[in-house]
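Trainee: Protein chains in written order, with the numbering used here: chain A, 15 to 288; chain B, 15 to 288; chain C, 15 to 288.
Hints may be right or wrong, so weigh each one.
Some chain A residues judged to face chain B by a derived CB distance under 8 Å, without partners named [unchecked claim]:
#, residue
1, 241
2, 244
3, 256
No lab work stands behind these hints, which were simulated from the structure alone. Virtual Cβ for every residue (Gly too), placed ideally from N, Cα, C.
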Amino acid sequence: MKSFVAMLALCALVTTARAEQAESAPKRYAPSDMLAIAPGLAHYTDSVLFGDVWKRAELAPRDRSIVTVAALITNGDIGQMGPHFARALDNGVTPRELAEIITHLAFYAGWPKAVTAVGIVKGVFEQRGVKPEEIAAVDSPLLPVDNANETQRTAMVPREMGDVVPALAGYTRNVLLGDLWRRPGLAPRDRSLVTIAALIAEGRSDQLAFYIGRGMRSGLTRSEISEVITHLAFYVGWPRAMSAAPVARAAFVAAARPRDRSHNTAPAGKSAGK
Amino acid sequence: MKSFVAMLALCALVTTARAEQAESAPKRYAPSDMLAIAPGLAHYTDSVLFGDVWKRAELAPRDRSIVTVAALITNGDIGQMGPHFARALDNGVTPRELAEIITHLAFYAGWPKAVTAVGIVKGVFEQRGVKPEEIAAVDSPLLPVDNANETQRTAMVPREMGDVVPALAGYTRNVLLGDLWRRPGLAPRDRSLVTIAALIAEGRSDQLAFYIGRGMRSGLTRSEISEVITHLAFYVGWPRAMSAAPVARAAFVAAARPRDRSHNTAPAGKSAGK
Amino acid sequence: MKSFVAMLALCALVTTARAEQAESAPKRYAPSDMLAIAPGLAHYTDSVLFGDVWKRAELAPRDRSIVTVAALITNGDIGQMGPHFARALDNGVTPRELAEIITHLAFYAGWPKAVTAVGIVKGVFEQRGVKPEEIAAVDSPLLPVDNANETQRTAMVPREMGDVVPALAGYTRNVLLGDLWRRPGLAPRDRSLVTIAALIAEGRSDQLAFYIGRGMRSGLTRSEISEVITHLAFYVGWPRAMSAAPVARAAFVAAARPRDRSHNTAPAGKSAGK
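Please model the entire structure based on the sequences and the hints provided.
Mentor: Written out as structure tokens, the structure reads:
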């Protein structure tokens with residue numbers, strides 16, 4: 015009996031979250047429960063988060079959905095995933111791209127987070143009547159490996175890592191960089207968005223510079239990256255977003271140099287150098 | 015069918031957690047399930063955590079509840095929130111303060127954590143018969159901005175951050191510091207407790223020193239801050255608590271200096287300086 | 015009604031996860047839902063994670079289960095714990111050891127994670143018909159304190175920490191090192207595995223070196239530690255595993271020195287030294 019009440023509480027949180035998505039009313043985004051219980055939070059939700067941040071032109075709604083969804087999966091926010099998966103579909107992320115974001119995050123946030131997300135996206139796909147052919151495997155060839163990628167590959171697998179964890183270096187070369195990043199289901203630019211969001215969500219600023227650089231080579235602008243950090247302040251909290259700011263600054267400076275030598279300061283090597 | 019069994023397991027954990035709150039028996043705090051399954055954990059729960067830590071005079075039960083609740087929300091410990099929200103009410107945290115803690119954490123742990131907490135606190139408020147007027151919005155004016163706050167505001171928004179993420183710098187100035195911290199629903203001292211707990215829970219020692227200093231200016235004593243760290247070792251684990259210890263030491267030393275120049279080493283700037 | 019649909023989604027994820035455990039078919043590990051929704055993830059699950067990583071000889075299946083379970087509990091991956099607890103039992107972790115792993119993690123990941131895990135392991139024990147005497151408290155004496163342990167104790171409680179958080183220093187000496195690590199229910203080597211996995215899962219590389227050194231003194235080999243990092247890349251994501259690599263390298267170098275002076279660079283002291 016008590017457990018039943020407890021379960022209702024658990025369900026309520028999911029219901030509450032779903033209401034976030036009801037954007038038909040002009041300026042009311044916060045669900046009525048939130049308005050009754052935490053009117054301050056409802057106020058900021060209406061006037062700042064949905065009334066302002068999500069509408070800023072610096073980052074497209076589709077991109078905002080990609081980073082939001084990536085942050086939720088990485089941080090295991092199971093109660094909020096369903097409505098944001100649906101919102102991502104509304105904002106132009108295709109079902110196949112959503113599945114590919116989850117697959118990408120298996121590597122950057124861990125398998126458990128991805129498997130959990132599959133269970134939740136399943137419910138959203140059913141509710142939306144997504145057809146099997148919209149998400150079935152396709153036989154497209156992998157994207158080509160270009161020279162920049164080769165440089166990055168070298169950068170990602172410092173010799174030192176190969177000495178200490180040779181198997182992980184191998185999986186990084188053959189599976190992560192040699193296969194996952196080349197899958198055609200999600201553009202490299204969008205994979206960079208997902209990865210940057212995951213790293214900020216995990217608070218891993220040591221490896222963030224590398225992926226910001228990679229994202230810029232794939233077409234992300236400074237303005238977009240800056241806005242990703244601003245957007246994520248609301249989805250993973252101010253502290254992690256603020257820690258990302260100086261890293262972005264350093265990455266912007268590095269990207270502006272005539273010759274990119276960022277592969278000399280690869281993530282793992284950087285940590286080791288401390 | 016299988017999913018039903020799985021769901022029962024999920025409910026069981028909530029039930030188990032609820033029992034924590036049954037403190038009528040003199041020395042038995044651990045629920046009977048825990049005693050049967052993990053007697054070692056039950057032993058430490060009874061003899062150390064509830065039998066000793068929670069009773070230490072260095073931090074009031076109300077403050078312990080504030081930091082516990084903040085840590086649970088920040089770390090997304092959904093199964094344990096309900097009983098600790100109820101315990102917080104028992105320990106003198108008012109329903110309005112609890113809602114304000116959640117609102118505060120939307121900014122320091124991210125919106126998803128706060129929205130999830132709203133769903134759970136709703137169930138607790140219903141169970142306790144909290145009346146709408148106890149949590150309805152009030153029309154009190156914002157707390158005044160004092161000089162110390164102005165200094166902090168400058169410290170929190172280093173010029174460098176404004177260059178890289180100007181929008182985030184703006185929200186920090188106008189919403190976070192200019193509005194949230196000035197809301198009358200929660201004393202600045204208690205907001206500091208919540209923020210310090212969130213930062214320790216997230217393992218963000220780079221920004222902790224700033225908020226320990228701010229907390230001390232709002233009335234937190236060294237002894238209380240030290241006890242917050244001790245208490246949180248049990249709620250977020252030893253490693254994050256131990257990482258907080260040297261930061262606290264540095265903040266204590268800085269606070270003892272005749273002239274506080276801590277605004278020269280603002281969080282983001284500090285990270286950048288590495 | 016809506017909440018019911020939402021709940022079904024929540025259950026689906028647990029069901030989906032359970033299927034991971036069905037390893038009777040020769041090469042199909044991914045559940046059919048995953049295959050339909052995220053075929054890329056299913057491909058990597060079958061061909062890399064279960065078809066390759068879990069089968070590598072460098073780390074025994076029992077050890078892989080120990081680090082997997084420790085990572086899931088530490089990161090609060092509630093949807094994936096049930097099947098992996100069952101898998102751990104299949105791989106030779108005894109029910110009592112599993113309970114002791116949870117107890118150990120109360121200290122290294124926090125009480126809420128452990129209490130949540132107790133609720134989930136309860137369901138698994140019931141499903142497997144684990145008998146009360148298999149998990150009941152035993153009256154074995156604590157393991158002896160050896161000289162190496164004494165050195166570690168000194169290392170873990172630097173004078174500085176005792177100044178700032180004396181109570182935590184006391185609990186570290188008397189409860190964590192003086193009692194928990196000496197409990198006979200889990201071998202010191204296995205406690206090291208659990209602790210190393212928890213630290214990598216939390217992304218706390220600052221305290222990892224100390225525990226890798228301790229693990230090696232308890233019998234963990236370099237090859238096993240390297241494989242733990244590789245295995246965890248799949249369970250907590252690449253970024254945290256990559257951050258662990260240079261720490262492991264430094265710990266290996268330190269362990270190879272004729273005289274181990276690692277107690278001069280204790281975790282908290284190291285952070286403070288920055």
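Trainee: Which of the listed hints are broken here?
Mentor: When the structure is compared with the hints, none of them turns out to be violated.
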